Amino acid sequence: MSKEALLDVRDLKVHFGGKKLFKKAVIVHAVDGVSFSVPKGKTLGIVGESGSGKTTTALAVLRLVPVTDGSIRIGDVEISALENKELRLARRKVQMVFQDPYSSLDPRRRVGDIVREPLDLMNIGAEADRNQMVHDLFVQVGLRPELAKLFPHQFSGGQRQRVGLARALSTRPELIVCDEPVSALDVAVQAQILNLMRKLQEELGLTYLFISHDLGVVQHLCDHVAVMYLGQIVEQADRISLFKNPQHPYTKALLAAVPKARARDGNEERVPLIGDPPSPINLPKGCRFAGRCPVAIDKCHSIPPKLTDRGNGHLASCHLLD
Amino acid sequence: MPGILSIKDLIVDFKTRAGNARVLNEITLELKNGEILGIVGESGCGKSMTALSVMGLVPSPPGKITNGSISLDGEDLVLASKTRMRQVRGGIISMIFQEPMTSLNPVFRIGDQIAECVLLHEDVTKAAAWDRAVEMLTKVGIPEPEIRARAYPHELSGGMRQRVMIAMALSCRPRILIADEPTTALDVTVQAQIFDLLKDLQLETGTAIIMITHDMGAIAELADRVAVMYAGHIIETGLTADILSNPQHPYTRGLIACVPHLEENPTEERPYLSEIKGVVPSLTELGRGCAFAPRCPYKTPVCEDVRPKIEAINESHSVACYNVEYVVAV
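Protein sequence lines, in the order shown, are assigned to chains A and B.
Read in order, the letters of the first sequence correspond to residues 1 to 322 in my numbering.
Read in order, the letters of the second sequence correspond to residues 323 to 652 in my numbering.
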C-alpha cells in the first residue's frame with residue numbers, strides 16, 4: 001500500500017512544551033510514533049476520543065504544528081524538512097477543511113474573496129481568469145455564484161462549510177485534510193456535506209485524511225480506519241475488517257458505546273469504559289490503555305505492546321492478541 | 323399513569339427586526355410521572371425554547387408567551403409569580419445544560435455550588451447541605467467524593483463536570499429533570515456513562531426526564547416517548563420504538579434516514595446518504611401551510627395552504643400530516 005501512497009507518514013512525533021525557567025520540564029506527548037499511509041483517491045479515517053492526538057496528527061501533515069520527529073511524505077516530496085518558500089509550494093497540493101465553519105472564515109471579507117485568496121497567494125491561473133475560477137468553484141460545491149458577494153455571517157452553517165470546501169479546492173489539491181468537517185452541523189445538513197465530499201472525490205480523484213469522533217460517519221465515508229488512543233494508533237485496518245472484526249479492546253469499547261438508532265432488544269449488555277484517558281504528560285509505562293482496559297493482564301502494565309499485523313493488513317497493538 | 327406536566331397550545335413569539343418570529347406554535351405535550359420524554363429536532367426548531375418556557379426563562383423582551391398554559395400538577399406556570407418560579411426552578415423542575423464548563427461557576431468549589439442549591443430550597447444547616455452535596459457526588463459516581471467536593475470546576479474532566487451538573491440538578495429531589503443536549507460536548511464513551519447514570523437515577527428516584535437532543539441514537543438509548551419538532555411545531559409524537567421503526571411524517575423519516583448509522587456488518591456497498599433537500603425555513607417567513615411543505619417530496623396543494631393539525635393515528639402515536647397513508651405506502 002505504501003508504494004502508490006499519496007501520503008505516507010512514518011513514526012511521526014509531535015511533543016509540546018519543554019524546559020521552563022525555574023520549573024520542571026513538562027512535555028505533552030500529543031502524537032507519539034504514528035505511521036500510516038493513504039493511497040491516492042482513497043480516504044483514511046482517524047478516530048479517537050478528544051485528546052487522542054487525531055487533530056494534532058492532521059495539523060502536522062500540513063506542518064501547522066512543529067514536527068518533533070518522523071517523516072511526512074506527500075507524493076514525492078518529503079515535507080517535514082521543508083522551509084518557507086518550498087513549504088508553501090508543497091502546501092498547494094494539500095489543503096484543510098476545519099471543524100467550525102463559524103470561526104474558520106474571516107468575518108470581514110466577502111466569501112468570494114475568501115475563496116479567491118489562495119489563487120492570488122499561490123499565483124494560480126491568469127489574474128483575469130480568477131473570478132471565473134471562483135465562479136466555477138462555487139458551482140462545484142453547490143452554491144449559487146452570485147452569493148460570492150455576501151459575508152460569512154449571511155450564510156447558514158452548511159453553506160459556510162461549502163465555502164470552506166471551495167476554498168480548499170481552489171488550489172487543486174490532491175490531498176484534503178478534514179478535521180471534523182461535519183460535527184458542528186445539523187444531521188440533515190451533515191448528510192448534504194458528506195454526499196458532496198463523496199461526489200467531489202469521485203469527480204476529482206481527491207484523497208482525504210478524515211478526522212472524526214463519529215464512528216457512523218467514518219464507517220460511511222472512509223476506506224481505511226486508524227483508531228488513536230493517547231497519541232498512538234492502537235488499531236488500523238480497512239473499513240470492513242475494522243468494523244466487522246475489531247481486535248483491540250479499546251476499539252471494541254468505542255464501538256459498543258455508540259448508541260444504536262433502533263429500538264433496543266433488551267438483552268444487549270455493553271461493558272462501559274470507566275474513567276477518562278490518562279494525561280499525555282505522565283504516560284503509563286506499559287500499554288497506554290491498560291488503566292481502563294476491561295481485560296488487562298499484569299504484562300500490560302509493564303511492557304508496551306507493539307502494533308503488529310494480525311492478518312490481511314489488520315494492525316492492532318495488544319498483548320492479548322500475541 | 324397521570325401526567326405531571328402538561329403543556330397546552332403554547333405559543334411563544336419573538337420580536338425581531340425581520341418581523342414576528344413564532345418560535346413555538348401551539349405546542350401541546352404531556353409528561354407522565356416517571357417517564358423519559360425525548361424532544362428531537364434540528365437547531366432552531368424550538369426544542370430548547372420549549373424547555374426554557376417550562377422553566378420560565380424565556381428571554382423577555384424580545385420573547386413572550388402569547389398563548390397557552392404549562393400546568394404542573396394543575397398549577398399554571400405561565401401565570402406564576404417570580405417568587406413562585408424561583409421555588410419551582412431547582413426545587414421541582416431542574417435543568418442540565420449542554421456545556422457543563424460554562425454552566426458551573428469557576429470560582430467556587432463544586433461542593434459549595436451543590437450545597438447552595440440545597441440551602442436555597444430547603445431549611446437545613448450549612449453542614450447538612452454540604453453532606454448532601456457529598457452524598458449526591460457519590461450517587462453520580464464521582465470517585466473520592468469528599469475530596470472532589472473541594473475541587474474547582476477546572477480540575478475536572480468534561481464527563482466529571484456533567485456528573486456534577488446532574489448531582490446539582492438532582493440535589494433537591496426534583497420531580498422533573500430537563501436535560502438539554504447533556505452529552506453533545508462529550509466523547510462517545512463518556513456519553514454512554516452519562517446515559518447509564520441518567521437511567522439508573524431515573525429508576526431509583528422516579529424523576530420524570532425531558533431529554534432534548536438532535537441525536538436519534540440518544541433517543542433510542544434513553545427515551546420512552548418522543549416528540550419530533552420542526553420550525554416551532556410538534557409534527558409527530560409516539561412511543562420511541564414506534565417512531566424509530568415506523569415513522570409517519572416525511573420529516574421524521576428523512577431525519578432518521580439521513581444519519582449514517584454504525585453497522586455491525588458493513589458491506590462493500592455504500593449508497594449515498596438520503597438527503598432532506600433545502601434548508602430549514604426562517605421563522606419570520608413561514609407561510610400559512612405546513613412548515614415542512616417547501617422541502618417535502620410528498621406535498622399536495624392543500625399542504626401549502628392549510629397547516630395540518632397534529633392528530634392521533636392510534637392511542638399513542640400522533641402525526642401532523644395530510645398524506646400519512648400515502649407516505650407510508652411509498
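Hints are computed from structural coordinates only; laboratory data are not their basis.
In this text, all values refer to a predicted model and were calculated from it rather than measured experimentally.
Built from N, CA and C at the ideal position, the CB exists for glycine as well.
Among the hints, a few may not be true.
[What the hints assert, rightly or not] If the Cβ cut is set under 8 Å, some of the chain B residues that face chain A in the computed set are:
id, residue
1, 515
2, 543
3, 580
4, 581
5, 601
6, 603
7, 604
Status of the hints after comparison with the structure:
1. 515: Interface hint status for residue 515 of chain B: holds (6 Å vs cutoff 8 Å).
2. 543: Result: holds, 4 Å to nearest chain A Cβ.
3. 580: Since the shortest Cβ distance to chain A is 4 Å, the answer is holds.
4. 581: For residue 581 of chain B, the interface hint holds, since the closest Cβ of chain A sits about 5 Å away, which is under 8 Å.
5. 601: holds, 6 Å
6. 603: This interface hint is violated because 11 Å lies over the 8 Å limit.
7. 604: Violated, about 10 Å.
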